[in-house]
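S.K.: Listed here are the chains, written in short residue letters.
Protein chains: 2
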Amino acid sequence: MYRSGMIELSILGFLYDEPLHGYELRKRVAALTGHVRPIADGTLYPAIKRLERDGLLERDLQPGAQAAPRHVLTLTDAGRAELQRRLAEPDEPFITDENRWFTMLAFLRHLDEPALQARVLQRRLTFLTEPASFFWDGDRPLRAADFDDPFRKGLFTIATATSRTEIGWLRETLAALAPRDREA
Amino acid sequence: MYRSGMIELSILGFLYDEPLHGYELRKRVAALTGHVRPIADGTLYPAIKRLERDGLLERDLQPGAQAAPRHVLTLTDAGRAELQRRLAEPDEPFITDENRWFTMLAFLRHLDEPALQARVLQRRLTFLTEPASFFWDGDRPLRAADFDDPFRKGLFTIATATSRTEIGWLRETLAALAPRDREA
DNA sequence: CCGATATACCTCGCCTTCGAGGTATTAAGT
DNA sequence: ACTTAATACCTCGAAGGCGAGGTATATCGG
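If you read the protein sequences in the order shown, they are chains L and Z. In this text, residue positions in the first sequence follow the numbering used here: the first is 2, and each later residue adds one. In this text, residue positions in the second sequence follow the numbering used here: the first is 2, and each later residue adds one.
If you're looking for bench data, these hints aren't it; they were derived computationally from the structure. Misleading hints may appear alongside valid ones.
Heads up, the list lumps identical chains together, so a pair's fine if it works in one copy or across two of them.
Claimed, not checked - Straight-line C-alpha distance at most 20 Å; calculated EDC-like pairs for lysine to aspartate or glutamate:
#1 Lys50 x Glu93
#2 Lys154 x Asp55
#3 Lys154 x Asp61
#4 Lys154 x Asp42
#5 Lys154 x Glu173
#6 Lys154 x Glu25
#7 Lys28 x Asp42
#8 Lys28 x Asp18
#9 Lys154 x Glu93
Predicted model only: the values in this text are computed from it and were never measured.
Using the sequences and the hints, build the whole thing.
M.R.: Here it is in C-alpha cells:
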C-alpha cells in the first residue's frame, strides 16, 4: 500500500505529543508546511476522517472554549504504532521530496530506536550522494559551466550548496547516533 | 484559473527549444524532476493530451527510428505565448514550493524580457526573506536552540543554510539583471 | 525463429489535494 | 440590537498525479 499523504504524517506527528482539536492542528500544520504550501480545510478535515475511520485516532466532543464545540483528537495505540511504522519505513517520496523529507525531520524524534532513526538518515544520505544531474547531452551529464543563462547556473549552485550542507549535517548526526559503528 | 501543473510547465519548457517526441520528453522530465519524484507514463501522456486539446502543441506522426511510430510534438504560437505567460506570472506554489521553483529556474531563460525575469526572482527573494518559523509556542517563534532533538535542530540548520545561499545568489543575479536600478 | 530488451504510446481507477462554498458559536465593538 | 471577527467544523466537484495494467514495433543474442 502506497502512503504518500504528507498531511496524514503531520497529523499523526503532532498528535503523538498531545491531543489537539482540528483547528489547533490546522495552525501547527500551517506553520510547518503551510509556508510552502498552504493547508486547506478541504484537505485537513477529510484527512482526519480517514485516520479516524482507520482507527488511528479518536475524537472527543468538548464545549468550545471560545466558540463552536471542539473535537479533541487523540491517537489510539494503533495510531501511535502507525506513526512508528511510517517513520521507520517511509515510502521513497518521503526520502527524496524536500517537503516530505522536512516533515519526516520534524517528527523523527518520535521514533523509538536510534538505530531506526539512523537507518532513515542513511537512506537520505545515500540519495543525496548518488550522482545525478538535471540535464543531459545524451549520456553526458551537464554541469553549471555548460550553461550560459544565469538561471540554470543558479539551479546548480543552489542545489549543490544545499545538498553539501545537508550531507555534512547527516554525517555528523549519524556519527552521534551510532558512535560504536567501527566496532560492530 | 489555477494552473499548478508542474509537468505541463516542463513540457512547455522543453518543447520551447525544439520539437520532441513523448518518449524523449519523458527522459528529460525524468532527469529534471524525476530525481525527486519519478514521472509516470500515466502522468505524462494525459498532460500532453491536455496541452494538445488546448491548442498549445501539435503532433506529427513519424515512423519510429528504432521502434514504434513517434508522435513528434511541436509548440504552437499559442503554446509559446502560454509558456511566456506562465513564466512571467507564476502562481504562488511555483514561487514557494522548491520543486516547482526549480522547474521555473530551468526555463526562466526563455522569458523574453529581463525585467520580467527580475520580477520573478524578486518574488522569490521576498518570499525567502519573510520572517517564518516551523514551530510556534503561542506567538513566539521557536528556534533551533529551543529543541533538544537533533532532527528539528537539523531542520533549522538546513533550512537556514539553504535559504542564505539562495538569497545571496538572488541578490547577485538581480543586480546583474538590472544594473541601472539606482538611476531609475 | 524465439525470447528478451528497448522503444513508444495509451487507458483506467484510485487517491490526495484544492478551492469554493456552507453552518454554527462566541466575543467584542458600535 | 447589529455587525464583524475569530473560532470551529463540514461537503462537494474538480484536477493532478500515481500505479498497474495494456498494445505495438524493432533489434539483438542464441
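S.K.: Please go over all the hints and tell whether each is borne out by the structure.
M.R.: Results of checking the hints against the structure:
no., hint, result
1, Lys50 x Glu93, "neither (25 Å within a copy, 28 Å between copies)"
2, Lys154 x Asp55, "neither (47 Å within a copy, 32 Å between copies)"
3, Lys154 x Asp61, "neither (54 Å within a copy, 33 Å between copies)"
4, Lys154 x Asp42, "neither (39 Å within a copy, 29 Å between copies)"
5, Lys154 x Glu173, "between (29 Å within a copy, 12 Å between copies)"
6, Lys154 x Glu25, "neither (42 Å within a copy, 23 Å between copies)"
7, Lys28 x Asp42, "within (11 Å within a copy, 37 Å between copies)"
8, Lys28 x Asp18, "within (15 Å within a copy, 43 Å between copies)"
9, Lys154 x Glu93, "neither (28 Å within a copy, 23 Å between copies)"
Comparing the model with each numbered hint stated earlier shows that hints 1, 2, 3, 4, 6 and 9 do not hold.
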